[in-house]
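J.: Listed below are the residues making up each chain.
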Amino acid sequence: MAKVHLWASLRRFAEGQEVVEVEAATVGQLLDALERAHPGLGPAIKAGLSVAVDGEVIANNRAAPVAPGSEVFLLQRLKGG
Amino acid sequence: MSKIHVTTTVNGDPVEFLADPRETLLDALRNHLDLTGTKEGCGTGDCGACSVTVDGTLVCSCLMLAAEANGKRVETIEGMAGEELHPLQRKFIEHAALQCGFCTPGILVAAKALLERNANPTDTEIRYWLAGNLCRCTGYDKIIRAVQDAAAEMRGAA
Amino acid sequence: MARDDVKTGYKLIGTRPNRPDGLDKVTGRARYGADFALPGMLHAAVVRSPHAHARIVKIDASKALALDGVKAVVTRADLPTGLTGEDLNLQDNTLAGEKALYDGHAVAAVAATSQLLAQDAARLIEVTYEVLPHVTDVDAAMAPGAPVIREGVADYSVPEGMNGNVARHMEFGHGDVEAGFAAADIVREQTYKTEATHQGYIEPHACVAQMGEDGRGEMWVCTQGHWYIRRMCASVLGIEAANLRVTPSEIGGGFGGKTTIFMEPLPLALSKKAGGRPVKLVMSRSEVLRATGPTASASMDVKIGMKKDGTITAGQVFFRMQGGAFPGMSPIGEALPCAFACYDIPALKHEAVEVIANRPKAAAYRAPGSPMAAFAVESLVDEMCRELKLDPIAVRLKNGARNGSKSSYGPVYNVIGLAETLEAAKAHPNYAIPLGKNQGRGVASGFWFNHGGETSVSLAVGEDGTATVMIGTPDIGGSRASIGLMVAETLGIPYEDVRVNVVETGALGVNEPTHGSRATFASGKAAVEAARAAIKEMCKRAAAEWEIDAEAVEWKDGAAHPAGPNAGKFPPMTIGEIGSKMGGSGGPISGHHEVTAEGVGASFGTHVVDVEVDPETGRTTVLRYLVVQDAGTAIHPAYVEGQYQGGAAQGIGWALNEEYVYGTDGRLQNPIFLDYRIPVASDLPMIDTVIVEVPNPGHPYGVRGVGETGITPPLPAVASAIAGATGVRIRSLPCSPPKVLAAIKAKG
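Chains as they are written, first to last, in the working numbering: chain A, 51 to 131; chain B, 136 to 293; chain C, 10 to 757.
Everything labelled a hint here was simulated from the structure, so no lab data went into it.
Nothing here was measured: the structure is a model prediction, and the numbers come from that model.
Even for Gly, the Cβ is constructed at its ideal location relative to N, Cα and C.
Treat the hints with care, as some may be off.
[Claimed, not checked] Chain C regions said to be covered by chain A (calculated; three or more residues, Cβ under 8 Å): (1) 338-349; (2) 414-426; (3) 459-469.
With the rest of the complex left out, here is chain A (with noise of 0.2 Å):
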């Protein structure tokens, strides 16, 4: 199980929670679960995020692998100038 840390303004929609785990091999499957397991944070996840797995920020990337086991942060989608 992947641990996805929420940021404080979505805890709200995980009944509070600060971490999540979620059974997931890619970021695509863990947005999923996430969301299944949370409907609530459909929003925030439509309106596109990033992800930080175990120190490595995934600006955009369903496919990119997650690990049993992994840290995972919720980061908003990032811009650059």
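For this one, chain A is given, so just place chains B and C on it according to the hints.
T.: Positioned in the frame of chain A, the structure of chains B and C alone reads:
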């Protein structure tokens, strides 16, 4: 509105065109003579991207009416290189003194006008001479170095 | 660092050859957006709202259309309906719908046979407005009783009960901040403000577009990303992306401001209405300043707890940012993670709201959000260092993020070079120069994430053994040179034998723009992989010729060699020999690489600035400036230095002079370069640079993006230097002479 017949010399070539009385020299160079090396960055004489010389005087071509060029001698970036690049042009490439390159034609024309008046300028003199030529990419550091290096080479060759 | 060993073996990487497009750019031959022309071309002009907020009652174009030579007028009624989300925002910004939302908002556009005629016609288009109450300041827009300028802008993140102009809310953190503040010897809290600034690229937006009645179109445009232009124009106009072919011109600066569309759909729409004649539209400078995408303005509360030895025990920020009249444009999602990114602090709390106001739709500007966040946090850190008489570099080294630190925004840092930049700044001669009367020194660090993104690159081997590389990221500051160097290094051929071309949307898969400091990183990474794919094929061709296994062939110095004595004894087969025979050995040899590039290395920098403030006028002179930044590996060091210097200059402008000034009427008061004053040559000293190289493990040559971080530290560093020189702290940018003078006088 009836147009004005303008006869002038650009980079040594005789040219003529019909100008709307409201058109600037910059408009005429770019639109009537296809000399698009001279750029428009502001249209208000603040950025220097449109710098050319008219009878040897450095001007913002966006502030001069096309009709005023009648009978004058205009020099633009397109006339700067002869058989070989002008030392300033070469030094700008060597020193990476351009990034996007949009302000570069105006700065080269202005720097050439400086070196024709002052073959051995200080950094401060270069900075004040070029203060009317905005560059947003470089922070000017490499531009000043390139002008100094070109000036040194030109003094050596003279 | 293992990669340092590799680095010593580079033949080309780290050298400073001439850029391939240099000749065109010093002779005036390079073609920028406004330099294109087509036979039968029309010229366009745009009618813009003179009001900050107004209902559009009626648009009457009959007088304009009655002029001979006027060929088409478009208004919002000509655009398709039914768009949603950001597509609708883009369409709303292209042409106002029911309401004009800011001074300069486009209302109609006209095409005519000459530029002057188009401008005359635009003046004849009569627009009837019903003026509505407006708000332009970020704090005023949040205040009780502020006019709510659009209904329903709040997204899922906004809690109940917030002001109607609040569009987004964000909050995160870790640790126990209250316990952290309790453990501190001093806790300080301040509010900082930054005004909106503009990227200030010297080239105004420009394009030539042609679209037939069948909806097939073509355009030449100055942009950082032509696939983005294609997608956005297609959405706004309701056409298919594949029917729009977009060719990027040379680009006269972008800094984030040319990653999106503003007026680009208009010449397409006008062309279609004018029977398919091509239409050229070039913005004036005042249109650029009024109606393209400046950065957000910000109002920021910061609270920090520090022990007497400089240990930071906790930090807390609350940012309010407005990014114009459209939601989603202010960089709160970037500013918050950047705020404390340079530090390893046990307890942090971040909160921000995005507010909309009657201003133009903000766009990205070099490290979006990071400069404002740094101004707030680094200024307060400096205030506390001065109060406790601590060295600002020592405090940053004590608390600074290192390899393996948990970042302020959650994930753990991999390999980063912040400490190296601090050590190099401390060791630099500038840091030891004694200061005179009215002089002060400021230090600040800065951060940017960097970005990889969608990337597609092709490489073709020529019959003479040269290589042509096709990239999709426009070259704004020398990336053809850096990518050419990496490809030449990989192929083992001279730099001059590689030609890098920026190609149009029909020639490659989708590429994100040149943004996020990604061109040399991502296009470079893909180009190296494309070269490796071509090498693999060339080894196969040599193996076939030699009748040995392809695995028994290795590539070095631009030629295939038998790998070891067991592979057989053959003379090396050069890329030229292979290229000259490729038609008969299986056909053309190409390499491709398509990827959403990951593995970016985070970017850190530290700046040191010395200023002198004239106590009579409040004018600040920058005496000397030092930029130290980690480049990972500097592929072409001259253009790395150029990014550092250019970023510093923009940051200095933001700190000292630049600001959007709105009148009480909601109109922009300074929409020309005379009044929106960017640094000129006589404003600046030489900008010293130190390139730190802590290679990024996520790139074949260790590259980290270098474009953005440099704009971040100057804001707090300059304000801190002014504080050192005068004893007064300016907490609201810019530190313009009247403001500094008033602060000096108030201190007495």
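J.: Within the stretch 459-469 of chain C, is the number of residues with a Cβ closer than 8 Å to a Cβ of chain A three or more?
T.: This one holds; 5 residues, not fewer than the three required, reach chain A with a Cβ under 8 Å.
J.: Count the residues of the stretch 338-349 of chain C whose CB lies closer than 8 Å to any CB of chain A, then report whether that count reaches three.
T.: Satisfied; 5 residues make the cut.
J.: Cut-off 8 Å, C-beta pairs, minimum 3 residues; does the coverage of the stretch 414-426 of chain C by chain A stand?
T.: Three-residue rule met by the stretch 414-426 of chain C, so holds; n is 6.
In this structure, none of the earlier numbered hints is contradicted; all agree with it.
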